[in-house]
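So the protein sequences, as listed, match chains C and F.
For the first sequence, position 214 matches number 214 in UniProt numbering, and the numbering has no gaps at all.
For the second sequence, position 71 matches number 71 in UniProt numbering, and the numbering has no gaps at all.
Keep in mind that a hint or two might mislead.
Think about it this way: if two alpha-carbon atoms lie no more than 27 Å apart in a straight line, the pair counts; the simulated DSSO-like pairs of lysine-lysine are [to be verified]:
1) C:Lys69 x C:Lys157
2) C:Lys124 x C:Lys239
3) C:Lys185 x C:Lys157
4) C:Lys93 x F:Lys113
5) C:Lys27 x C:Lys93
6) F:Lys113 x C:Lys157
7) C:Lys69 x C:Lys124
8) C:Lys239 x C:Lys27
9) C:Lys69 x C:Lys119
10) C:Lys93 x F:Lys159
11) F:Lys117 x C:Lys69
12) C:Lys69 x C:Lys19
Anything over 10 Å on all C-beta distances counts as not near chain F; from chain C, calculated [unchecked claim]:
13) Glu75
14) Gly81
15) Ala102
16) His105
17) Ser182
18) Lys202
Here are the computed distance ranges between Cβ atoms for each label pair [claimed, not checked]:
19) C:Pro53 x F:Leu156: 35 to 45 Å
20) C:Asn132 x F:Arg209: 52 to 62 Å
21) F:Phe190 x C:Lys111: 32 to 42 Å
These are calculated hints, taken from the structure and not from any lab test.
Note that the Cβ used here is the ideal one computed from N, Cα and C, for glycine as well.
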Amino acid sequence: MIRFQGLNKWFGSALHVLKDINLDVAKGEVVVVCGPSGSGKSTLIRCVNGLEPFQEGKLVVDGTDLSAKNAALRELRMEVGFVFQQFNLYPHKTALENVTLAPIHVRGLSKAEATERGKALLAKVGLADRMNNYPSQLSGGQQQRVAIARSLCMQPKIMLFDEPTSALDPEMINEVLDVMVSLAKEGMTMMVVTHEMGFARKVAHRVVFMDQGAIVESGEPASFFGNPTHDRTRDFLSKVLHH
Amino acid sequence: MFWFQVERLLNYWPILLKGLGMTISLSLLSLLVGCVIGLLFGIIRAGRIRWLSALTGLYIDLFRGTPFLVQVFICFFILPTVGIELSAFSAGVIALSNLSACFIGEIIASGIKAVPKGQSEAALSSGLRYSQQLRLVILPQALRIVRPSLVGQFILLVKDSSVISAIGIMDLTRSGWMIVQNIPNGLLVFGVVGIGYFIICYPMIFVARRMERRQQTSIL
Ligand SMILES: Nc1ncnc2c1ncn2[C@@H]1O[C@H](COP(=O)(O)OP(=O)(O)OP(=O)(O)O)[C@@H](O)[C@H]1O
Ligand SMILES: [Mg+2]
Numbered sequence: 001m002i003r004f005q006g007l008n009k010w011f012g013s014a015l016h017v018l019k020d021i022n023l024d025v026a027k028g029e030v031v032v033v034c035g036p037s038g039s040g041k042s043t044l045i046r047c048v049n050g051l052e053p054f055q056e057g058k059l060v061v062d063g064t065d066l067s068a069k070n071a072a073l074r075e076l077r078m079e080v081g082f083v084f085q086q087f088n089l090y091p092h093k094t095a096l097e098n099v100t101l102a103p104i105h106v107r108g109l110s111k112a113e114a115t116e117r118g119k120a121l122l123a124k125v126g127l128a129d130r131m132n133n134y135p136s137q138l139s140g141g142q143q144q145r146v147a148i149a150r151s152l153c154m155q156p157k158i159m160l161f162d163e164p165t166s167a168l169d170p171e172m173i174n175e176v177l178d179v180m181v182s183l184a185k186e187g188m189t190m191m192v193v194t195h196e197m198g199f200a201r202k203v204a205h206r207v208v209f210m211d212q213g214a215i216v217e218s219g220e221p222a223s224f225f226g227n228p229t230h231d232r233t234r235d236f237l238s239k240v241l242h243h
Numbered sequence: 001m002f003w004f005q006v007e008r009l010l011n012y013w014p015i016l017l018k019g020l021g022m023t024i025s026l027s028l029l030s031l032l033v034g035c036v037i038g039l040l041f042g043i044i045r046a047g048r049i050r051w052l053s054a055l056t057g058l059y060i061d062l063f064r065g066t067p068f069l070v071q072v073f074i075c076f077f078i079l080p081t082v083g084i085e086l087s088a089f090s091a092g093v094i095a096l097s098n099l100s101a102c103f104i105g106e107i108i109a110s111g112i113k114a115v116p117k118g119q120s121e122a123a124l125s126s127g128l129r130y131s132q133q134l135r136l137v138i139l140p141q142a143l144r145i146v147r148p149s150l151v152g153q154f155i156l157l158v159k160d161s162s163v164i165s166a167i168g169i170m171d172l173t174r175s176g177w178m179i180v181q182n183i184p185n186g187l188l189v190f191g192v193v194g195i196g197y198f199i200i201c202y203p204m205i206f207v208a209r210r211m212e213r214r215q216q217t218s219i220l
């Protein structure tokens with residue numbers, strides 16, 4: 001579903017931010033990406049829906065070759081949901097309007113259809129009673145759940161998450177993770193940048209560890225957490241698992 | 001003597017009223033045209049087509065950096081020499097619309113740039129076209145951000161419209177000039193003219209102030 005082949009990316013000419021990335025994500029697979037700050041996790045995941053261009057190598061997502069000059073990015077983005085660390089909800093629209101905007105204007109759904117679909121999804125993420133609230137009237141956890149519903153309303157084939165719980169107060173993290181867990185169990189193809197190792201243990205098929213722009217280690221959760229082969233992985237794990 | 005002059009001024013009431021009407025229609029028309037073109041300028045200025053943005057920027061700076069009176073004279077006296085014959089009113093509207101578009105364009109561009117990058121990234125990620133991103137996500141927020149400064153600019157432009165009296169348009173300022181020929185009390189006559197401008201501008205000042213206050217407590 002997602003295939004990185006020898007992908008390299010630079011910011012400017014000096015900063016080599018992604019180094020020879022090779023990674024396959026199969027349909028229905030949940031891959032967690034972790035690593036220290038500045039290691040290139042966001043950049044990696046933002047390449048998948050074409051938010052970041054890259055200079056070398058190949059990246060094919062749902063049959064679309066992103067290294068091609070005329071790649072059909074808009075069509076691809078319709079199939080790939082993206083959830084941001086800072087939610088990025090539209091502040092001038094209600095929760096329901098946030099969720100139905102793209103289905104109406106991109107998928108061409110009628111307002112009634114989109115509203116029906118949107119209401120169902122907001123109910124699914126536990127916000128049936130908050131549909132007419134503006135983002136500023138919602139807590140961080142609620143906003144992030146609206147953002148997930150907004151992506152799901154496009155009925156994507158792939159969902160990307162960039163540290164979806166990092167901007168949340170601790171007591172709100174679980175309400176968001178619960179939604180993601182149920183999504184994973186429904187068989188959604190997911191790439192998740194997170195330091196929530198509990199989530200990784202529970203639903204990830206694979207955990208990828210990045211450092212300084214390269215994938216250092218990758219494996220099933222059991223072996224990844226059980227006996228990491230790399231010093232840097234061990235180092236990192238001891239830091240994130242201790243709190 | 002003073003009361004005598006006030007009494008005579010009352011006779012000129014219709015002229016003043018007509019001048020007020022002219023200033024209002026001139027300003028309103030120019031602001032309307034200026035808003036439409038200014039929106040376009042703003043979108044281009046904040047847009048991704050570098051050379052077009054730079055070119056528009058140069059055009060805007062040209063008009064922001066030269067006296068309005070000179071621009072009015074060019075419209076009225078120079079354009080006819082290249083075959084574009086304009087009435088004083090059209091020349092005035094064109095000059096003021098153009099100046100409005102330049103100022104409004106720059107304000108709208110700053111508003112677009114002030115919308116957090118995450119907003120366009122979210123819109124882009126959901127598959128919206130660039131025009132849809134602008135219309136549905138970016139512009140509503142940008143306009144809300146710049147609304148107070150936009151109204152402030154409108155006020156300045158209404159006052160700038162008095163410059164156009166120099167090419168013979170019978171606006172509020174020029175009616176003052178006319179009347180003062182017959183009533184030699186400049187303070188009285190132009191005091192009344194000033195009040196005329198204030199009557200147009202005060203509601204706008206009032207609205208701008210309310211907007212600013214609302215902005216601080218808004219849902220954004
Ligand atoms: N637009 C940009 N221009 C230049 N450099 C950038 C840009 N975005 C990111 N970088 C740099 O690229 C490197 C990788 O950034 P990235 O955001 O992908 O890291 P990350 O692993 O997501 O970190 P964090 O955990 O802090 O989110 C960092 O050194 C960062 O400073
Ligand atoms: Mg990041």
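- Message: For each hint given before, does the structure comply? Return the numbers of the non-compliant ones in rising order.
- Response: As far as the earlier hints go, 2, 5, 6, 7, 8, 9, 10, 13, 14, 15, 16, 20, 21 are violated by this structure, in ascending order.
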